[in-house]
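Based on these hints, arrange chain B on the given structure of chain A.
These protein sequence lines map, in sequence, to chains A and B. Here our numbering is used: position 221 in the first sequence is 221, and no number is missing along the way. Here our numbering is used: position 50 in the second sequence is 50, and no number is missing along the way.
The hints are simulated quantities; they were obtained by calculation from the structure and are not laboratory data. Be a bit skeptical, because a hint or two may be false.
No copy is singled out in the list; a pair is fine if it fits within one copy or between any two copies.
EDC-like cross-link-like pairs, simulated, lysine to aspartate or glutamate; straight-line CA separation at most 16 Å [to be verified]: (1) Lys-251 with Asp-221; (2) Lys-172 with Glu-196; (3) Lys-251 with Glu-182.
Protein chains: 2
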Amino acid sequence: MENERLILVTNDDSVNAKGIHALVEMAQQFGRVVVVAPDKPQSGMGHAITINHPLRLFPSDLFGQIEAYACSGTPVDCVKLAISELLHRKPDYILSGINHGENSSTNVLYSGTMSAAIEGAMEGIPSLGFSLADFAPNADFEACQYFGAQILTQLIAHPISSSVCLNVNVPKLKISEIQGIEVCKQAHAYWADRFERRTDQFGREYFWLSGEFADVDQRPDTDLQALKNGFVSVVPTHFDLTAYETLQQMKNWKI
Amino acid sequence: MENERLILVTNDDSVNAKGIHALVEMAQQFGRVVVVAPDKPQSGMGHAITINHPLRLFPSDLFGQIEAYACSGTPVDCVKLAISELLHRKPDYILSGINHGENSSTNVLYSGTMSAAIEGAMEGIPSLGFSLADFAPNADFEACQYFGAQILTQLIAHPISSSVCLNVNVPKLKISEIQGIEVCKQAHAYWADRFERRTDQFGREYFWLSGEFADVDQRPDTDLQALKNGFVSVVPTHFDLTAYETLQQMKNWKI
Chain A
1 MENERLILVT NDDSVNAKGI HALVEMAQQF GRVVVVAPDK PQSGMGHAIT INHPLRLFPS
61 DLFGQIEAYA CSGTPVDCVK LAISELLHRK PDYILSGINH GENSSTNVLY SGTMSAAIEG
121 AMEGIPSLGF SLADFAPNAD FEACQYFGAQ ILTQLIAHPI SSSVCLNVNV PKLKISEIQG
181 IEVCKQAHAY WADRFERRTD QFGREYFWLS GEFADVDQRP DTDLQALKNG FVSVVPTHFD
241 LTAYETLQQM KNWKI
Chain B
1 MENERLILVT NDDSVNAKGI HALVEMAQQF GRVVVVAPDK PQSGMGHAIT INHPLRLFPS
61 DLFGQIEAYA CSGTPVDCVK LAISELLHRK PDYILSGINH GENSSTNVLY SGTMSAAIEG
121 AMEGIPSLGF SLADFAPNAD FEACQYFGAQ ILTQLIAHPI SSSVCLNVNV PKLKISEIQG
181 IEVCKQAHAY WADRFERRTD QFGREYFWLS GEFADVDQRP DTDLQALKNG FVSVVPTHFD
241 LTAYETLQQM KNWKI
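Okay, chain A solo, but in the shape it has when bound (with noise of 0.2 Å):
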């Protein structure tokens, strides 16, 4: 079938997660799917890409028929080679996750998951990330299966701009306790960061990131409200970091 979606999917956690089997398994009603992910956990590696390190790329079995390869590099190192060194084509869609932990407000900007799929706008091809309110390296991925279709489903049916991808952070809930998908814009909460000092085994010094999220942001219509409320959130996502309202402010500078 030459005509069939080509579906890349990749994320952060990498080959060895249960999220991204769950991806691949809704993923498969869709099209022909292909995955190219990290070969260790990217978590919290952002928008990063290597250019000081040589890159590997290994098939992998791990998805039984499914083409597969994990990565030695960043989520968003996978989208370029994948595009770049395996496809040959940009592929029809890029689904990415589904995430072990919610990519919800600014942590779109931390999140390996969600800078794959913003990678995936930049390069014009229809971009997901998926990610659960859980943590847990067991997690009930059913509900993002599920929601996650009617998702795609939707999107195929009335595609957006090529330059956005869709940001879509789903509850710890059952899909009976689900009140539905809100579409929503990205809250402004922020990290009040702590760090654990330590003492390693020769007596010096380390830190662990801690911390704890502040959510400062109180407008109804954030995803952070409609995850409280039990709503999967959908925010679409671009690239575009330009402060306009700022920049009519600025044209008062003296320069």
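This is chain B only, laid out in the frame that chain A set:
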């Protein structure tokens, strides 16, 4: 001087790069400088944070009398560690750079230099990232210092939204050749990626990311155009990735 401005300086090229020393020299005119920067090059690390490894912090004497630390993590880790563990308060300004190489257009997403400034904006701290369109280790940063000081002076006189940082790019020209400063928007160019396939000493294949910057955005008021025309570009940059136009369109989805 208790009311003296506290200025955090960081970068992604490491404490050893010429660019950060040029930036510290400039920053000293404006207040007390503390340096927290990576101990090794972290170019292309985007908004990555270190969550699966411990972080180390080493006092550095590379900056003479200036309080300085080399950090084993990413530029965003540097900002987080500085605020949380070293300064014990938010600095008044964060200056990041001066990067060896341009960070205009969509490079803002891959750039560790700009991610440090964006992290500052997420913390509500006035932050600026500076980049020079010259990758050379011994690049001439004089024009960056000259125009950077002008831009910081303007920012102090005319504060902007605390959740917006500035992406400053300087063309590879002498001060006298630069046409002025232009406040503009982020261009929508992208990398036409290519990978070099090579074989290592054991006969195994590896890849180096390469490619060319494809300037698809021909609009007149972008950072790429400003730089081409010999101007310093200043793009006000925020971290709300919501695509608001698409958000409106998606109201017709049947979900």
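Hint by hint, here is what the structure shows:
1. Lys-251 with Asp-221: Between copies, since 13 Å is at most 16 Å while 31 Å is not.
2. Lys-172 with Glu-196: Cα proximity of Lys-172 and Glu-196: none, with 28 Å in one copy and 43 Å across.
3. Lys-251 with Glu-182: between (37 Å within a copy, 10 Å between copies)
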